[in-house]
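A.B. asks: Residue numbers (the numbering used here), protein chains in the order written: chain A, 47 to 563; chain B, 47 to 563.
Rather than coming from a laboratory, the hints here were simulated on the basis of the structure.
Among the hints, a few may not be true.
What the hints assert, rightly or not - With a straight-line Cα cutoff of 27 Å, these simulated DSS-like cross-link-like pairs (lysine-lysine) come out:
| no. | chain 1 | residue 1 | chain 2 | residue 2 |
| --- | --- | --- | --- | --- |
| 1 | B | 526 | A | 526 |
| 2 | B | 470 | A | 63 |
| 3 | B | 130 | A | 470 |
| 4 | B | 361 | A | 67 |
| 5 | A | 470 | B | 526 |
| 6 | B | 470 | A | 130 |
| 7 | A | 361 | B | 361 |
There are 2 protein chains.
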Amino acid sequence: MATRKRKRSAGKANLSKERKKSPYFDVPFRPWRNNYPKYEIANEQMLEDIHDASMQILENTGMRFQDEEAMELWEKAGAKVDRKTQHVWIDRGLLMDLIKKAPSEFTFRARNPERNQRVGGNNVANLSAAGCVFISDLEGGRRPGQREDLITLGKLIQMTNTIHVGPIMTVVMHDVPVHEKHLDGYWLGATLSDKPQMGVSHGRVITGDVIKMAKIIHGEDLRPEDGPVTGGVINVNSPLVYDDRMLGGMMTFAKHGQFTVVTPFILSGANSPITILGAIAQQNAEALAGIALLQLVREGAPCVYGGFATNVDMKSGAPSFGTPEGAWALMLGAQLARFYGVPYRGSGTLNTSNVVDGQAMNESMWSLWPCIMSHTNLIFHSAGWLESGLTHSLEKFVIDAENLAMMQHFLAGPETGPDAFALKQIDEIGPAGHHFGTEHTQARFTNAFYPPFLHDRRNNGQWLAEGGEDIVVRANKLWKQVIRNYEEPAFDSNTKQALQEFVAARTKELEGVDLYD
Amino acid sequence: MATRKRKRSAGKANLSKERKKSPYFDVPFRPWRNNYPKYEIANEQMLEDIHDASMQILENTGMRFQDEEAMELWEKAGAKVDRKTQHVWIDRGLLMDLIKKAPSEFTFRARNPERNQRVGGNNVANLSAAGCVFISDLEGGRRPGQREDLITLGKLIQMTNTIHVGPIMTVVMHDVPVHEKHLDGYWLGATLSDKPQMGVSHGRVITGDVIKMAKIIHGEDLRPEDGPVTGGVINVNSPLVYDDRMLGGMMTFAKHGQFTVVTPFILSGANSPITILGAIAQQNAEALAGIALLQLVREGAPCVYGGFATNVDMKSGAPSFGTPEGAWALMLGAQLARFYGVPYRGSGTLNTSNVVDGQAMNESMWSLWPCIMSHTNLIFHSAGWLESGLTHSLEKFVIDAENLAMMQHFLAGPETGPDAFALKQIDEIGPAGHHFGTEHTQARFTNAFYPPFLHDRRNNGQWLAEGGEDIVVRANKLWKQVIRNYEEPAFDSNTKQALQEFVAARTKELEGVDLYD
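Could you build the full structure based on these sequences and the hints that come with them?
C.D. replies: As structure tokens, then:
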């Protein structure tokens with residue numbers, strides 16, 4: 047026993063020594079506040095014009111809601127409906143009355159209250175890439191996602207302090223049966239991480255199960271006034287259709303006070319006009335209609351206005367990501383969300399590259415900067431996204447994390463206060479001296495500047511002598527180090543057991559059941 | 047002869063066909079206007095505080111001007127001087143009176159008037175990386191720059207429509223004797239490109255030669271009221287020293303109405319305080335003192351406020367580029383330049399990477415976005431910079447050019463006007479249709495979206511089948527294609543001959559002469 051003990055503590059010491067090797071672990075966990083200017087490319091008249099265009103779309107063209115409960119709600123509320131074709135025309139008076147009921151901010155609660163995340167206002171939270179079909183890394187290449195990849199990503203997300211929201215469905219688990227995916231996915235998210243946890247918004251059965259699991263973790267009553275503990279993303283089937291699966295999921299969440307990120311999937315030139323103002327007018331109409339419906343389901347239901355508009359490539363018809371057009375759309379969306387007083391969702395690392403190269407990072411920075419400039423509140427896909435979102439790259443995950451850590455430092459702003467100008471030191475040193483040795487410098491030596499963990503500042507000779515590795519090779523080593531350092535967060539054992547039992551029982555129950563009945 | 051003729055035209059046809067292959071050649075030449083918001087991270091009080099701190103530095107600590115002519119000018123103007131130690135103390139009244147004389151905008155004239163560039167206000171111009179010791183490309187690797195590399199880069203710069211200013215001293219020509227470098231460099235710049243041309247600001251002899259060459263090209267009188275035809279960058283020897291070479295160069299340019307980019311070389315934590323506000327207060331004091339001196343040399347001398355402040359890496363003491371601290375500094379500098387009413391210079395692709403990888407592009411985008419956000423007027427080093435500026439990379443040049451082309455599209459803003467909302471088309475298509483076939487889409491098919499020339503949007507299968515090349519491999523092919531397509535701009539043959547004769551004669555004359563006498 048004694049021997050074993052010694053071995054264990056030796057292992058721990060090594061782990062802690064290894065942690066010290068990388069400043070990755072020194073980036074503090076901190077909710078982001080964006081107190082910088084809001085970068086607004088539309089003037090008031092343009093905003094009013096977009097608003098008016100969206101109202102005309104909802105009043106004159108109308109939308110389809112492929113769900114009987116939704117149709118009933120619209121009819122009762124006084125909208126013009128055609129129940130046979132499931133078509134609804136909403137006038138601007140009714141719409142704006144409903145939009146006003148959506149909260150401008152809310153608290154997204156985690157099972158660890160220290161991880162609670164405020165959504166809206168100047169608050170910013172980052173989420174990992176999600177919904178990817180493939181996983182990739184330098185050694186394993188690109189391959190269909192498996193359960194073990196979801197676990198790897200879950201660990202990375204928990205250990206990455208600049209990602210504020212926990213893991214859910216980061217990659218498709220091709221080795222888990224369809225009826226188990228949502229149960230297992232939510233279970234893995236809940237146990238691997240103590241950060242606030244998104245759910246799955248896909249029909250009444252699946253989303254109902256998420257609510258049941260959330261209740262096991264957070265208590266049977268899930269008081270909406272305390273703020274949601276889960277939520278989902280839905281994509282409008284643009285143009286102008288909400289299908290039954292999306293409606294079933296979002297309405298189930300709203301009923302229980304949980305939130306929905308209402309995200310039209312707008313591809314300018316394909317499912318919406320080729321002109322960005324037209325595309326945004328359509329996006330705005332679709333997003334507002336969904337948010338309004340959720341207020342009919344439950345007054346004050348927390349909603350996030352989702353912006354995911356980009357353009358197609360006119361040569362191939364394929365979506366393009368990290369484009370100037372996408373930046374315009376993202377920025378206009380943020381201004382509109384503020385105009386209506388609801389939180390805004392964007393995406394932080396969209397790109398079309400097949401490989402983690404300069405293109406991948408250029409396009410990603412055409413996503414992240416506009417998110418920050420426009421005051422996006424929830425930055426989805428802010429680490430790992432590759433190949434138009436088909437692939438989750440483990441190397442890109444930690445490379446993106448470097449940009450997020452830099453952004454966290456940037457948002458904090460430079461030191462202010464009486465000593466910030468260092469006039470005494472400038473005067474003492476005078477012309478032609480240096481500041482390395484001053485007390486003023488020494489006191490700030492460790493923390494003044496952002497210390498990179500992947501960006502390499504060695505000179506060429508040193509860099510070559512030590513292997514000449516590019517950022518992808520270094521990233522490969524880093525994500526494996528992070529995984530080795532993973533520590534499972536504390537979880538009340540009774541709650542954990544109850545959750546596990548529910549998942550086991552429900553998995554059996556759902557065998558052969560139509561999840562979208 | 048007939049055969050030869052056919053061959054020639056076949057060659058031309060191939061060239062034009064090859065041009066068509068790359069949308070690189072379709073990016074239009076266009077002076078940039080930045081009508082978007084100014085991203086200002088300092089409030090009025092902070093700006094006033096920085097101003098006050100800078101004034102205290104100039105009044106109480108003072109600066110050294112290592113040049114007798116400069117000392118005489120300061121003394122005559124009424125500044126407190128110590129001629130023995132070449133130390134000057136400038137009070138804020140005198141300083142601000144002089145700063146007011148510097149023009150807020152001016153026209154930087156090119157030998158081709160269509161290439162004239164307005165500097166200041168909302169105008170933006172991009173310049174290539176310059177002053178690099180090494181050149182690198184995928185096949186040749188990293189090697190000391192030679193004359194032929196300067197020619198290659200000159201051709202690239204002329205052919206790249208998003209670079210507004212012509213080539214000068216992009217790399218050090220290790221195979222050209224010291225006394226010939228400025229003559230040959232200016233000659234190559236003048237003949238390879240018809241864009242406005244920077245000169246060399248290094249002592250009275252070298253800069254005097256540049257003035258003589260500029261006069262051969264632009265006419266003997268070089269009327270300052272028409273705007274400068276050349277200019278130079280000087281770096282203050284921070285902290286608080288202007289050396290004789292810098293002063294000799296900048297004062298020579300000012301005497302002839304040519305402009306100077308007054309750029310303190312600020313490394314926070316080394317030659318200036320570790321706190322960014324302290325570093326910026328020092329930069330501001332240094333920049334203003336230089337601009338003020340040039341107004342003593344010639345009232346109304348065109349000046350640009352240069353921001354080049356970044357932090358050192360506290361582990362190695364080496365400069366770090368593309369950092370959050372650098373972004374703060376750049377943005378604060380732009381606000382200060384506006385506060386004083388002078389144009390602003392920043393840098394567009396600063397990075398510390400040893401290789402054209404994700405780090406190089408991340409850090410570059412930590413330079414380019416802040417330049418655009420802060421309304422930088424002259425964006426230096428906006429293509430090709432690598433390895434802290436030691437290396438000029440031919441592949442990175444065209445990769446950076448992609449970001450510039452995207453930025454050009456972004457700055458133009460989305461289509462507005464009566465048809466932009468496409469309400470008629472949205473209504474006709476209704477729910478669940480698509481916009482590919484509409485007349486509205488078809489009419490805009492070719493020009494609506496930015497068409498990338500290096501960013502690759504092929505799907506994974508197609509990309510792999512066609513070679514699976516990353517962006518660096520594609521960039522290598524592209525820059526060679528651009529060089530093959532190079533066309534020398536027209537140049538009046540008498541002027542060209544006169545310039546050539548001057549260079550030849552002056553080269554002989556300068557053999558063995560001390561250039562800094």
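A.B. asks: Residue 526 of chain B and residue 526 of chain A: Cα distance at most 27 Å?
C.D. replies: Between residue 526 of chain B and residue 526 of chain A the Cα gap is close to 39 Å, so the pair fails against 27 Å, i.e. violated.
A.B. asks: Mind checking the alpha carbons of residue 470 of chain B and residue 63 of chain A for me, to see if they're no more than 27 Å apart?
C.D. replies: violated (65 Å)
A.B. asks: Does residue 130 of chain B pair with residue 470 of chain A here, judged by a C-alpha cut-off of 27 Å?
C.D. replies: holds (25 Å)
A.B. asks: Is the straight-line distance between the alpha-carbon of residue 470 of chain A and that of residue 526 of chain B 27 Å or less?
C.D. replies: violated (54 Å)
A.B. asks: Does residue 361 of chain A pair with residue 361 of chain B here, judged by a C-alpha cut-off of 27 Å?
C.D. replies: violated (49 Å)
A.B. asks: Quick one, are residue 470 of chain B and residue 130 of chain A close enough, alpha carbons at most 27 Å?
C.D. replies: Holds. Residue 470 of chain B to residue 130 of chain A sits at ~25 Å (cutoff 27 Å).
A.B. asks: Would you mind confirming whether the straight-line C-alpha gap from residue 361 of chain B to residue 67 of chain A stays at or under 27 Å?
C.D. replies: OK: residue 361 of chain B and residue 67 of chain A at ~13 Å, within 27 Å.
Hint compliance for this structure: hints 1, 2, 5, 7 are not met, and every other hint is.
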